[in-house]
Amino acid sequence: DGGITQSPKYLFRKEGQNVTLSCEQNLNHDAMYWYRQDPGQGLRLIYYSQIVNDFQKGDIAEGYSVSREKKESFPLTVTSAQKNPTAFYLCASSPVSNQPQHFGDGTRLSIL
Amino acid sequence: DQQVKQNSPSLSVQEGRISILNCDYTNSMFDYFLWYKKYPAEGPTFLISISSIKDKNEDGRFTVFLNKSAKHLSLHIVPSQPGDSAVYFCAATRVLIGNQFYFGTGTSLTVIP
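Protein sequences appear in the order of chains A and B. Residue 55 in this note's numbering sits at position 55 of the first sequence; the count goes up by one each step and never skips. So the mapping is simple: this note's numbering equals the position in the second sequence, first residue as 1, plus 112.
No lab work stands behind these hints: they were computed from the structure. Take these hints with a grain of salt, some might be off.
Said to hold, decoys possible - Capping the alpha-carbon separation at 27 angstroms, the derived lysine-lysine pairs in DSS-like fashion look like this: (1) B/K149 / B/K166; (2) B/K183 / B/K168; (3) A/K57 / B/K117; (4) B/K183 / B/K166; (5) A/K71 / A/K9; (6) B/K149 / B/K180; (7) A/K9 / B/K183; (8) A/K57 / A/K14; (9) A/K57 / B/K168.
Being a predicted model, the structure only gives us computed values, none of them experimental.
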């Protein structure tokens with residue numbers, strides 16, 4: 001079955017550590033996205049990529065980095081510069097940008 | 113600044129009755145709107161969309177209404193079923209120039225059997 005796989009489901013990070021969240025899709029979609037969800041807030045866009053080897057910052061990119069070396073993969077690195085990383089992270093993809101997105105089941109990141 | 117707002121954090125409805133979820137937006141340039149449904153521990157699932165050239169779009173039990181002058185859209189579910197209990201997010205974008213959807217904060221719907 002086609003879909004988006006995010007791993008791991010739960011992730012713990014120590015202060016000062018970088019951590020990478022995985023997102024893989026087998027839908028052959030060109031566009032991929034990373035969102036962050038905090039309690040009482042909507043989904044906020046961190047980064048998006050419309051095509052391989054290209055990505056753009058969203059509204060809250062500070063403290064995060066991404067890569068898009070393969071069409072199927074869009075990993076998100078939460079760096080030590082992100083001062084409040086505890087959140088629920090969602091990865092999504094769409095055939096092209098501005099079409100309805102398919103979401104993964106998310107990764108919950110917590111700070112130890 | 114929140115460009116898409118869902119002012120009701122929660123809603124409870126009896127099974128079989130109509131559920132009406134509301135969403136307001138501030139950017140008059142938005143021209144494409146979507147509703148997503150999210151169960152706990154899962155990602156959102158696309159439900160229904162509407163373009164600004166329409167004022168209504170229907171898909172089975174789900175109908176979305178768009179009032180451009182009021183910058184308001186609503187999702188009607190009729191009849192409501194217990195399986196509809198979930199968090200519903202609305203989202204909006206500018207199709208031609210935007211690459212970004214702006215999401216509301218969500219409304220948690222509980223359908224009481």
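Hint check:
For the hint pairing B/K149 with B/K166, the CA-to-CA distance comes to about 22 angstroms; that is within 27 angstroms, so the pair holds. Annotation: proposed proximity of B/K183 to B/K168 holds, straight-line Cα distance about 14 angstroms (limit 27 angstroms). The straight-line distance between the Cα atoms of A/K57 and B/K117 is roughly 23 angstroms, inside the 27 angstroms bound, and the hint therefore holds. For the suggested pair B/K183 and B/K166, the alpha carbons sit about 13 angstroms apart, so the restraint of at most 27 angstroms is met.
In summary, the hint linking A/K71 to A/K9 is supported, as the alpha carbons are separated by about 22 angstroms, within the 27 angstroms threshold. A threshold of 27 angstroms between alpha carbons decides the hint, and for B/K149 with B/K180 the separation of about 23 angstroms falls inside it, so the pair holds. For the hint linking A/K9 to B/K183, the alpha-carbon distance of about 37 angstroms lies beyond 27 angstroms, and the restraint is violated. Distance hint between A/K57 and A/K14 is fulfilled; the C-alpha atoms sit about 25 angstroms from each other, no more than 27 angstroms.
Between A/K57 and B/K168 the CA atoms are separated by roughly 33 angstroms; this puts the pair beyond 27 angstroms, and the hint is violated.
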